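**Student:** The listed protein sequences correspond, in order, to chains A and B. Counting from 1, one number per residue, gives the positions in the first sequence under the numbering used here. Counting from 1, one number per residue, gives the positions in the second sequence under the numbering used here.
Think of the hints as simulated: they come from the structure by calculation, not from any bench. Please note that the accuracy of each hint is not assured.
Claimed, not checked - Each pair of labels, with its calculated beta carbon distance range:
1) A:T162 <-> B:D149: 25 to 35 Å
2) B:P64 <-> A:K134: 33 to 43 Å
3) A:K120 <-> B:I337: 55 to 65 Å
4) B:E334 <-> A:K120: 48 to 58 Å
5) A:T162 <-> B:K68: 41 to 51 Å
Computed from a predicted model, the values in this text were never measured in an experiment. Yeah, the Cβ is synthetic: ideal placement off N, Cα and C, and Gly gets one too.
Listed here are the chains, written in short residue letters.
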Amino acid sequence: MICNVCQKNEATVHLTQMLEGEIKKMDMCESCAQQQGVDEPGMPLVDLLVGLGPSSSEGESQSKSSVKVLSCEVCGHSLADFKKAGRLGCSHCYQVFEDQMDPMLRSMHKGIKHTGKAPKNFKDDRALRDQLAKLEKDLHQAVEEERYEDAAVLRDSIKQLTASPELSDEPSVRP
Amino acid sequence: MNLHQFLTPIQDICRRPGPFDRIVLTSRVRLARNLKDTPFPGRASKQQREDHLQAIQPVVEALPPMKKGFSSDLVSLEDLDRQLLVERHLISRELAKKKQGAAFVLSKDETCSIMINEEDHLRMQVILPGLQIKEAWKAVNKLDTLLEDKLPIAFSGRYGFLTACPTNTGTGIRVSAMLHLPGLVIAEHMQQTITAVNKLGLAVRGLYGEGTEALGNVFQISNQMTLGETENDIIERLNKVVVQIIENEENARAKLLESNPEMLFNNIGRAYGILTNAHVISSKEAKNLLSLLRLGLDLGYFPDMDPEVVDELFIVTEPGHIQFKEAKKMSPEERDIMRATQLRDRLEGMAKPQMSTASDEDPPSEDPEGSEEEEGPSEC
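With these hints in hand, go ahead and build the complete structure from the sequences.
**Tutor:** Now the structure itself:
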């Protein structure tokens, strides 16, 4: 059996854990296991399994170099901090560590898209987007049916809506 | 007003009734929220934590449901007071360890408690007696909605409410019910129950949550997943599971009475004997025996006893409460003696359990709403 981390040496350390009713396994050689801190007592196994992503084979060197570089400009939290503590440093970190978030959240939760409560101002914003999407669809249809007068009206409404300052990609997260 | 003057006497708290409170001790819903674009408490500097606290605490204190409540930072709390609050589930063990830049606000009736700068900037919880998960959600949701107008809360359309730990992201909700399950434990069905509950994505823990032992046959059931489903889905599922467990517990009790009443009577009788006669008793032993006494009460074997007394003793025999009553720090040995004294005093004059085998007489009603007026089997 080959080590999951370095893909070179014989795996001698075998980790098995139940996560959300699924069995997750990792096989590692001794030196990789040591690097990952498997022999440390109280090591957060979940973080290790999750942090590496599902059967990660991207190659260690790549992830190592990004560990050094990637850090949050708002709070200074680095990817290494994140992996070590399993905690984010601030709300902006969710954008900075975007690539790590989805696989991690997928392993922890039912889905990776929020469907629950949203703050009121965000809901208004969502309504605005829905309205915009509908107008664009109507515009498209008007053009296709060569109703150019209608199309002009629709185009103006869209312009007016997109000019409103509240509309941004991530209204509540962006500084 | 200091904390001791503010806190409702424990016997009054135990007297608050709730649906299915023979088995469901409390229902709790908590929400995790953060300020956006500023470090979470774990990452923040001392100064930043202070600044966040200054920004949040006055806003929380001014919320209508928190009016006339109690608000304090952790620095000005004595160690014993912290312990007292943890034992009443009003603050978390994690908050109790913090000093600089952390605070909590309690509502007048102590059902709402808001922690500032625990793992997240804000942890709001509502705790109600009995099975009232939906009511607790309604109340905490209201608090949250009031707060969102006043503070810039971190929220993303994709991930929902953003929290320090990714396990809380999304709804930021933790729904839990505290259950007393002596029947399932004695019948050795608990492991099976835990496995089944885990399969539904819910966690089973001990009295004080994560990493604690299930003392006194008390188990906490809570959701683990917070992202990808709505608050209502989570609440409905937990509620359903709790209702099922109540039924299983009732069945386990009925079955024990039918198949092995002597064993059950023996357990309850011994618990009565030890609790009313011990001179040294640990917190753990006291809890486990009080659990059996509570079971005896539920089954109607202590017709003259005030049913809230056991719940009260469950809390006042905790280390923090004992020292609070004596108004001094005590060694574990001193506490064990004091605990036994308090138990003997409080249970003094309590009549022996009136138990008879099932063949003599049917056990009292298994109606989950059964009240204390029910007469137990009278001749013995």
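**Student:** Just to be sure I understand the hint, the distance between the Cβ atoms of A:T162 and B:D149 should be within 25 to 35 Å; is that true here?
**Tutor:** Holds - the Cβ-Cβ distance for A:T162 and B:D149, about 26 Å, lies within 25 to 35 Å.
**Student:** Range hint 41 to 51 Å: satisfied by the CB atoms of A:T162 and B:K68?
**Tutor:** 47 Å, holds
**Student:** In this structure, is the beta-carbon distance linking B:E334 and A:K120 contained in 48 to 58 Å?
**Tutor:** 54 Å, holds
**Student:** Please test the hint of 33 to 43 Å on the beta carbon pair from B:P64 and A:K134.
**Tutor:** Because 38 Å falls inside the window, the suggested range holds.
**Student:** Take a look at whether the Cβ-Cβ distance between A:K120 and B:I337 falls inside 55 to 65 Å.
**Tutor:** Distance hint for A:K120, B:I337 holds at roughly 56 Å.
In terms of the numbered hints stated before, the structure departs from none.
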